[in-house]
Amino acid sequence: MKTFLSIILALMLIGGLVWLTSDPKDSGTGSTTTQNNVSVVNGRQIVRITAKGGYWPRQTVAKANLPTTIKVTTNGSFDCSVALTIPALKHRSFLPATGETDIDLPEQKPGSIVQGLCAMGMYSFVISFN
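The numbering of the sequence shown is the UniProt record's numbering, which starts it at 1 and goes up by one.
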């Protein structure tokens, strides 16, 4: 009986650890799954990215040949993802811990890729233009 209770307790502890360390933003489809975070408002394309412990979504597909704004949202972010670099635009900025930051992109050609990185290079996101 003691062995049975020990096994049950061990399984509960392992399950609790898995649950605590799982990423709530990852729905089980992988953190690189393309998300529906693109909208067009008054002829301008808006790409929404969340920065906190990395960038979500990590991959975005957007329309080419449209003026585009990357809208980066932070909410209590105090990690390196607030130090955003977009090499293709020669853009570097420190995002506020909480707020929204708009970054305007010129129209991109089909096949263009814009990548954003944290200052340490640990976290990134990619916008592919089709």
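Be careful, since some hints might not be right.
The calculated lysine-lysine pairs, modelled on DSS-like cross-linking and capped at a C-alpha distance of 27 Å, are [what the hints assert, rightly or not]:
#: 1; residue 1: K109; residue 2: K71
#: 2; residue 1: K52; residue 2: K2
#: 3; residue 1: K2; residue 2: K63
#: 4; residue 1: K52; residue 2: K63
#: 5; residue 1: K71; residue 2: K90
#: 6; residue 1: K63; residue 2: K90
#: 7; residue 1: K109; residue 2: K90
#: 8; residue 1: K71; residue 2: K52
Using C-beta positions, here's what the derived DEER-type ranges look like [unchecked claim]:
#: 9; residue 1: V40; residue 2: M120; range: 25 to 35 Å
#: 10; residue 1: S6; residue 2: T98; range: 17 to 27 Å
#: 11; residue 1: G99; residue 2: M120; range: 49 to 59 Å
#: 12; residue 1: N36; residue 2: D104; range: 50 to 60 Å
#: 13; residue 1: E107; residue 2: I14; range: 46 to 56 Å
#: 14; residue 1: A97; residue 2: I8; range: 22 to 32 Å
#: 15; residue 1: M122; residue 2: L66; range: 48 to 58 Å
#: 16; residue 1: T69; residue 2: M120; range: 53 to 63 Å
#: 17; residue 1: K90; residue 2: P67; range: 12 to 22 Å
It is worth saying that the hints were derived from the structure and are not from the lab.
Glycine included, each C-beta is placed from N, C-alpha and C at the ideal position.
Cross-check of the supplied hints:
About 20 Å separates the Cα atoms of K109 and K71, which keeps this hinted pair within 27 Å; it holds. This hinted pair does not check out: K52 and K2 have alpha carbons roughly 44 Å apart, beyond 27 Å. With a CA separation close to 62 Å, the supplied pair K2 and K63 exceeds the 27 Å bound. For a cut-off of 27 Å, the pair hint linking K52 to K63 stands: about 26 Å separates their Cα positions.
Distance hint between K71 and K90 is fulfilled; the C-alpha atoms sit about 17 Å from each other, no more than 27 Å. At roughly 21 Å between alpha-carbon atoms, K63 and K90 fall within 27 Å of each other, so this suggested pair holds. Our distance criterion of 27 Å between C-alpha atoms is met by K109 and K90, whose separation comes to about 18 Å. This hinted pair checks out: K71 and K52 have alpha carbons roughly 14 Å apart, not beyond 27 Å.
At roughly 33 Å, the beta-carbon separation of V40 and M120 lies within the given 25 to 35 Å, and the hint holds. A beta carbon spacing of about 45 Å between S6 and T98 contradicts the range 17 to 27 Å that was offered as a hint. The hint said 49 to 59 Å for the Cβ distance between G99 and M120, and at roughly 21 Å that hint is violated. At about 22 Å, the beta-carbon gap between N36 and D104 misses the expected band of 50 to 60 Å.
Hint check: E107 to I14, Cβ distance near 51 Å, so the stated range 46 to 56 Å holds. Against the hinted window of 22 to 32 Å, the Cβ-Cβ separation of A97 and I8 comes to about 42 Å, which falls outside the hint. Between M122 and L66 the beta carbon distance is about 30 Å. The supplied range of 48 to 58 Å is therefore violated. Restraint check, T69 to M120: a C-beta distance of roughly 25 Å breaks the suggested window 53 to 63 Å.
In this structure the hint that K90 and P67 lie 12 to 22 Å apart at CB holds, the actual value being about 18 Å.
The structure is inconsistent with the numbered hints 2, 3, 10, 11, 12, 14, 15, 16, although it conforms to all the rest.
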